[in-house]
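> Chain by chain, the residues run as shown.
Number of protein chains: 2
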Amino acid sequence: MKVLVVGANGQIGKHLVTLMQNSDSFKAKAMIRNQEQATFFEKLGAETVVVDLEQDIESIAKAAEKVDAVVFTAGSGAHTGKDKTIMVDLDGAVKTIEAAKVAGVKRFIMISSFDTRREAILSAPPSFAPYVAAKHYADEWLKRSDLDYTIIHPGLLTNDQGTGKVNAAYEVDRGEIPREDVASVIMATLENDTTIGKQFQIVTGNTPIKEAVVSI
Amino acid sequence: MKVLVVGANGQIGKHLVTLMQNSDSFKAKAMIRNQEQATFFEKLGAETVVVDLEQDIESIAKAAEKVDAVVFTAGSGAHTGKDKTIMVDLDGAVKTIEAAKVAGVKRFIMISSFDTRREAILSAPPSFAPYVAAKHYADEWLKRSDLDYTIIHPGLLTNDQGTGKVNAAYEVDRGEIPREDVASVIMATLENDTTIGKQFQIVTGNTPIKEAVVSI
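Chains as they are written, first to last, in my numbering: chain E, 1370 to 1585; chain S, 1370 to 1585.
Since the hints were made in silico from the structure, they are not lab data. Just so you know, these numbers come straight off a predicted model, no measurement behind them. Some hints could be false.
To give a feel for the contact side, a few chain S residues facing chain E, derived at Cβ under 8 Å [unchecked claim]:
(1) Ile1455
(2) Ala1498
(3) Leu1525
(4) Leu1526
(5) Ile1565
Even glycine gets a Cβ: it sits at the ideal position worked out from N, Cα and C.
Work the whole structure out from these sequences, hints included.
Right, dumping it as structure tokens:
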């Protein structure tokens, strides 16, 4: 399965491309913002394509040509301004969804925030609420698309080594999860079409990832 | 016709409530952020209701009870941070749309930006693009609702006295328009159900407002 990874140069993205390139069943196409980011992915033998998420839908659609799925794991990051929250986390995501449609790619995995429900916007600290709102509207746009979507809501991301075990369900208690495990969950999700049209939260737990994802 | 004016304390809002209270056919209910803003509206004999757009849908829905239409003319303003762009221009608008549904109010007038099409997000200066994106998604949300909506896209707003004459169509050349004329256009729109399900741009022009709105 060939997968366009949007936000490949992010921390989850790098884990995901690495795991995919080391697997038998996946090939990653890394969508990166500039050519200087390519070396990491070329060393893994992954194809790269340079597109900035602030470009138009057509540029992203061209990157999505001839792949079997799109994974959106781009994020404006905690240190950018709130303008990027709208332009990347919301508008970049929506453009990627529309680009998948244009390119005829049905399968779409969204890496969301842990809780993007309307109530979570209201209860978030003021400095975090705009990010939650941006992710909320991106998720809503995807749910209203006709794509074969899955929305993954990871807990607090850490750089710890993956444990391979998670707790995954529509709603789980808050907790941490290593980015490497999120990458494994994405692959397991792509391998299980029973996850289509669903969303789930994930934190570190006791169930092997493949088993946890199958049971969603 | 009783109309909830969301963003009543804004510059268009104040003109709108004034014109409505001085008319035979409208009564305004001014939704304001805090009680200190009430005096202006009480002097006009307008009902007021204190709700902050960052509150929940239910609070806004309560304000919308027993009105015949909702006008959204709130804006975060040019001097607030981009976080308010998401929280007011996008999320505040969407919550107001949802609140109108909850309250059973079908008629909804959105005061948008001059051009909120996808291409306008791309072509906007970087500092303005997040605002255009926020208004784009608010407009999209409204178009996908089942409300009897009209979206008004005014040109560059001025504080000049109204001329009573505009150029209005789905697409017009860029130009200025006094806020007072925008308020008159809103009232003419509410009086003409032929505007339901439509959007139009307005700038100062040669056609009397009522005539221009009827021809939309």
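> Each hint should be assessed against the structure and marked as holding or not.
Each hint, compared with the structure:
{"no.": "1", "hint": "Ile1455", "verdict": "holds, 4 Å"}
{"no.": "2", "hint": "Ala1498", "verdict": "holds, 6 Å"}
{"no.": "3", "hint": "Leu1525", "verdict": "violated, 22 Å"}
{"no.": "4", "hint": "Leu1526", "verdict": "violated, 22 Å"}
{"no.": "5", "hint": "Ile1565", "verdict": "violated, 22 Å"}
In the structure shown, a violation is registered for the earlier hints numbered 3, 4 and 5, in ascending order.
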